Amino acid sequence: MIIRRSEEQPRWTLLRRFPVPRGFHAASRSRVQAGREWPAPEGAGNVKRMQVYRYDPEGDERPRVDTFHVDLDECGPMLLDALIKIKNQIDPTLTFRRSCREGVCGSCAMNINGTNWLACTRALDELDDPVTVYPLNNLDVIKDLVGDQSHAFAQYAAIRPWLRASPPPKDRERLQSPEQRRELDGYYECILCFCCTSGCPSHWWNGDRFLGPAVLLQAWRWLADSRDEATGERLDELEDPFRLYRCHTILNCTRTCPKGLNPGKAIAEIKRKLLERQG
Amino acid sequence: MAGSDDRAVLRRARGLGSAKSGVRHWWWQRVTAVALVPLTVWMLVLLLATAGEGRRALMVWLGNPAVSVLTVMFVVMMAWHMVLGLTVIAEDYLHHEGVKFAAITLIQVGGVIVGVAGVISVLWLALGGTQ
Amino acid sequence: MTERTRPRSPHVQIYRPQLTSVLSFTHRLSGIALSVGGVILVVWLLLAAAGGSAFGGLNAALGSWFGRLLLFLWTFALFFHLCNGIRHLFWDAVLGFELANIYRSGWLVVVASTVLTVLTWVIAMSMPGVA
Ligand code: SF4
Ligand code: SF4
Ligand code: FES
Chain Y
0 MIIRRSEEQP
10 RWTLLRRFPV
20 PRGFHAASRS
30 RVQAGREWPA
40 PEGAGNVKRM
50 QVYRYDPEGD
60 ERPRVDTFHV
70 DLDECGPMLL
80 DALIKIKNQI
90 DPTLTFRRSC
100 REGVCGSCAM
110 NINGTNWLAC
120 TRALDELDDP
130 VTVYPLNNLD
140 VIKDLVGDQS
150 HAFAQYAAIR
160 PWLRASPPPK
170 DRERLQSPEQ
180 RRELDGYYEC
190 ILCFCCTSGC
200 PSHWWNGDRF
210 LGPAVLLQAW
220 RWLADSRDEA
230 TGERLDELED
240 PFRLYRCHTI
250 LNCTRTCPKG
260 LNPGKAIAEI
270 KRKLLERQG
Chain B
0 MAGSDDRAVL
10 RRARGLGSAK
20 SGVRHWWWQR
30 VTAVALVPLT
40 VWMLVLLLAT
50 AGEGRRALMV
60 WLGNPAVSVL
70 TVMFVVMMAW
80 HMVLGLTVIA
90 EDYLHHEGVK
100 FAAITLIQVG
110 GVIVGVAGVI
120 SVLWLALGGT
130 Q
Chain F
0 MTERTRPRSP
10 HVQIYRPQLT
20 SVLSFTHRLS
30 GIALSVGGVI
40 LVVWLLLAAA
50 GGSAFGGLNA
60 ALGSWFGRLL
70 LFLWTFALFF
80 HLCNGIRHLF
90 WDAVLGFELA
100 NIYRSGWLVV
110 VASTVLTVLT
120 WVIAMSMPGV
130 A
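Chains as they are written, first to last, in numbering that gives the first Met the number 0: chain Y, 0 to 278; chain B, 0 to 130; chain F, 0 to 130.
Hints listed in this document are in silico derivations from the structure and should not be mistaken for laboratory results.
Please read these numbers as outputs of a predicted model, since none were measured by experiment.
Hints are supplied without guarantee of correctness; some may be wrong.
To be verified - Chain F residues, not near chain B, derived (Cβ > 12 angstroms throughout):
| hint | residue |
| --- | --- |
| 1 | V21 |
| 2 | H26 |
| 3 | F54 |
| 4 | L69 |
| 5 | F78 |
| 6 | L81 |
| 7 | H87 |
| 8 | G95 |
| 9 | W106 |
As the list claims (entries may be wrong) - Stretches of chain B that chain F covers, calculated by requiring three or more beta carbons in the stretch to come under 8 angstroms of a beta carbon on chain F:
| hint | region |
| --- | --- |
| 10 | 9-23 |
| 11 | 116-125 |
C-beta: ideal position from N, C-alpha, C; glycine also.
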């Protein structure tokens, strides 16, 4: 089956998850328990089951998966609507991030039915029942669906993601031709939701040192910018067996990006540039 | 609180800085890969041609210098490609520095042994073998 | 405030297998299998060169049903690694990154390596020395 756009859902799947033990590669505190069942209200017609990862930092319990029964007839169309409905009407302690509810802020990124996407742009009727909702992968969980992204943003800060250039003449702006500007298409649109980095197996194993697709796509965004004067320095900072070369072109990143961007391609561009300056 | 915390996190993300290497490993993995595309097909032909024919057939084939040169090249490229690939796997999954160092050393020494043993065997057979 | 250590959100335990990750994993697994196969190949050459009876022993082992099963799996690993390796070489040249092409080339690799494996075995079984 051919997937043409990242928003497409597979029509069939052989495996919903890799055949590894549930607790594989997870410290005991991270192992997930069965949680509680929240029944549907009386008389609900069109019910969808939602299995949601829960973690309460104030108790001593391990994380658990709760099952909510949501009446779709009384709910907005998107997964985010269902989460808000749960918070408003079923369990007010359910915690998640959201802001724009239109796919531009990147706050509501989470693992939905096994892949990463924005809750506000995934329609409920596209999701097989039961819908599983986990936080973005491989993050320290603060509460429920909220993961600690400080390391991801520190990795972003480490590439110094701003224009590095000498000051322009006082009476002029930094000009860019339409062609030069076009070089940034497909890269500047990134909303830093970290769906890609969280879905990258290489980042699971070596995320402390591997920068991951989101940050590397940003790194390429500055390398591709005709106004930037730090290309050499930027490449120096990237040429590292772990920072860059842990990417093995698995392409889970490109498959999952909710903005339809191509981090895998950006990384290949960086590798080509590094080769180019060798000779 | 946030300020000093941020700094610690950023410090961790920066780590030991960039090693400023990695291109070469990557490049040689590709070079050996490209070389192995035709050489592997060649090796399959040789193995199929001598399948079940025993040692004599192998010696006749390898007695042709073109055949033995290609076979020697296959062995060298294979051993090299293998060392590069297994090294990456060890780096990916082994997180204890000592264990990782030991594994990579083992892979490299093993690769050299495989390469040298293969080349000498092919030449030996090519030059008439043990009677 | 003393905080207890936070849990880590699940990753490989829950992430849905996709063509991208499954083929990548298979590439790695076939690479490891081929490394073992490569070592056996060199041992085979070494024994052939040494000329003792051990060579016949290894050949007999490889000719048994279990040996043939291994050889069959190695053949598949070889063709898969070869075809998917070529797919990687295209990516290294920054070609074929559109999602549809990633899927097309992925399925092509699956089909091609299966067909080539079967074809190779049809040829091998029809060689005079192989019964
Ligand atoms: S590349 Fe896509 S998935 Fe990755 S952070 Fe940017 S928008 Fe999100
Ligand atoms: S292509 Fe690279 S960055 Fe993207 S998922 Fe794969 S390893 Fe990660
Ligand atoms: S709420 Fe802003 S991207 Fe979903």
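So, going through the hints one by one against the coordinates:
Listed as outside the interface, V21(F) is consistent with that label: its C-beta sits roughly 17 angstroms from the nearest C-beta of chain B, beyond the 12 angstroms cut-off. For H26(F), the shortest C-beta to C-beta distance to chain B comes to about 10 angstroms, within the 12 angstroms cut-off, and the non-interface label is violated. The non-interface label for F54(F) is inconsistent with chain B: the shortest C-beta to C-beta separation is roughly 6 angstroms, within 12 angstroms. Every CB of chain B is more than 12 angstroms from the CB of L69(F) (nearest about 14 angstroms), matching its label as outside the interface.
For F78(F), the shortest C-beta to C-beta distance to chain B comes to about 9 angstroms, within the 12 angstroms cut-off, and the non-interface label is violated. The Cβ of L81(F) sits about 6 angstroms from the closest Cβ of chain B, inside the 12 angstroms cut-off, so the non-interface label is violated. The Cβ of H87(F) does not lie farther than 12 angstroms from every Cβ of chain B; its closest approach is about 8 angstroms, which violates its non-interface assignment. Under the 12 angstroms C-beta cut-off, the non-interface status given to G95(F) relative to chain B holds; the minimum distance is some 16 angstroms.
Interface exclusion of W106(F) from chain B stands, the closest Cβ pair being 20 angstroms apart, more than 12 angstroms. Residues of the region 9-23 of chain B with a Cβ under 8 angstroms from some Cβ of chain F number 0, which does not satisfy the need for three, so the listed coverage is violated. With 7 residues bearing a CB less than 8 angstroms from a CB of chain F, the region 116-125 of chain B meets the requirement of three and the coverage assertion stands.
Against the hints set out earlier in the document, violations occur for numbers 2, 3, 5, 6, 7 and 10.
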